[in-house]
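Residues per chain are reported as follows:
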Amino acid sequence: MTFTPRVLPLVAALALAAPACSGEISGDFGPEQEGEQDGFAVPRDRIELLPFHVREQRVVDVARLAAGDPALDILRANAYELGDHDYSTGQRPKLQWTASTMAIWVKAMEPVCASESMRAAYPAFPDDLGALMAAAYGREIADDEVAAVWSATEGHEADRRYQLTCLGVLSALEFVAR
Amino acid sequence: MMPRLAAAFAALSLIACTGSGLEQEAPEGPAQDAIALAYLDRLAPILVGRVMSADERSWITERAAEGMSAPEMVRSALTAWVDEPFLAETARDMVQNLLAVSGKRDDINFELPGNLARHVVGQKLPWSEILTADYCVGDDLSQIECDTGAPFAAGVLATRAYLVSRASRFNLTRASTMMGAFACQHYPMSEDLEPRLPRERLITMFRADTPEDQEDPEAADAFGNGFACYSCHGQFSAHAQFFVRFDETGMYRADATGIQDPEGELGRSTAGLFASHLVDPEEAKIGRSQMLGQTAENLAEGAAILGESQAFLECMASNVVDYALGLDERSPVPRPLRTDIAGALPASPTFQQIVVEALSHPTIIESATAYLAAETDTDTESEQ
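Residue numbers (numbering that gives the first Met the number 0), protein chains in the order written: chain A, 0 to 177; chain B, 0 to 383.
Excised from the complex, chain A in its bound form (with noise of 0.2 angstroms):
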């Protein structure tokens, strides 16, 4: 499947839509604890990406590709824009979930949905979303999350509505962020 800009708002709204993703924005550091000794505050508001290469072992558990299947082909060429660091030439990690992040992401999973491990893994949705989406999120998926996530995608013909179907899993915060 070639990615192009019309499917990316739907992929998009479907990542952040899901019910899947847990990663909400509260806008606070949590209670103040009193005294120093008593702990610290962890900053929920802003989302971070996981470290590139997190990422990268999760698509390739979830996926279960080979390590080096040509499927993370386009991940890999795009490491830098992902997230990866090469500090001797100024490449510092970005973890920050932007739009271009989002499309450079969303593209570089388009291989990996479409590859063969991913169909053997996982034939058919919506069978087999529900063992995706525990795969990835790594938690019990209840029914109506499955029946959420499928919905989105309805409308599309079989091969397109996979595809989007799992683009949609695979690039949800609860996957690329904490």
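Please keep in mind that the hints were generated in silico from the structure rather than gathered at the bench.
Don't take every hint at face value.
[Claimed, not checked] Straight-line C-alpha distance at most 35 angstroms; calculated DSBU-like pairs for lysine-lysine: (1) K103(B) to K93(A); (2) K123(B) to K93(A); (3) K106(A) to K103(B); (4) K106(A) to K93(A); (5) K103(B) to K123(B); (6) K284(B) to K103(B).
[Said to hold, decoys possible] Examples of chain A residues toward chain B, derived with CB under 8 angstroms: (7) G38; (8) F39; (9) A40; (10) P42; (11) P50; (12) V53; (13) Q56; (14) H84; (15) S87; (16) G137; (17) I140; (18) R177.
Keep in mind it's a predicted model, so treat the numbers as computed, not measured.
The C-beta atom is built at its ideal place from N, Cα and C for all residues, glycine as well.
Fit chain B to the supplied structure of chain A, relying on the hints for placement.
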């Protein structure tokens, strides 16, 4: 679940079931399994590169039902997780970001510090070896000679990657990064930790405490850094001296003088070297100095003193918590908490031991999951 992990969890289940003292009365507030799951969900990708397995989640739910506390469940999970190979990648990335070194440029391998971190964790060596290793580690993880040409090695500090990326006048950045990254100390630091070198051993400009004291016209405007030069440079001088024989390309130069280049920029010596703080030419040209109040013959000895210090342990605990939880300067781990964690560590701990001790500390868990308590309070109020 990996067999080793499954075995670890099974063993821990057995301990819990046979009454080992791990069971505690569940405190009020969010359920203990909810705390443990939320906390471990956050840590798992960073520490082990994966999400929690269904077996692990079930294990926590079952132990909570038996009365185990969240910190005990977290400790059990972390004890199993630190045996997973991904942790070495975690250490590598943490060190690379801590020192801002990675990649390759020209003929310098900026991966050497990260490679060493990965090796030290993979081999379960004392974590202080990142400062004391007398070897470097290549990209294939084999031990190699370090690349500075020095007659000694000092873990990540005696690599061209570190030395080039932190090259600056008077070696100030090399010194401040070393103390910032590995002791979490910034200048001026407590004199109890690092006694200042005697004022008379420093060059004139660094002896001043006030504008009136300043006798060097070149420092009359204080460079915009204030006039209490001696306050910081009395300590900078000691740490910067360890680097006086490393030039701006990171190479060791036995012919260094440490003397200011009369034609050059302030803080620069000749031939790409940097000037010493010390006024005695015989002292200025060698790397003998002081680390945490102790005399060290060179950077290797200084790094060894640092690596065995309480300050190092506290700082590494803080670094681990910062990295694992994604903290920044807005949310520092309080010093008493760092001290408490360091106090629970064995002598010369491994990275694995630091991870378990730091991240299973009840206050760390409580702080990281405080939002759950807030949500519980909100839910209770709604019900009422």
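| message | I'd like to know which numbered hints this structure contradicts. Please list them from smallest to largest. | response | Per hint list: single violation, 17.
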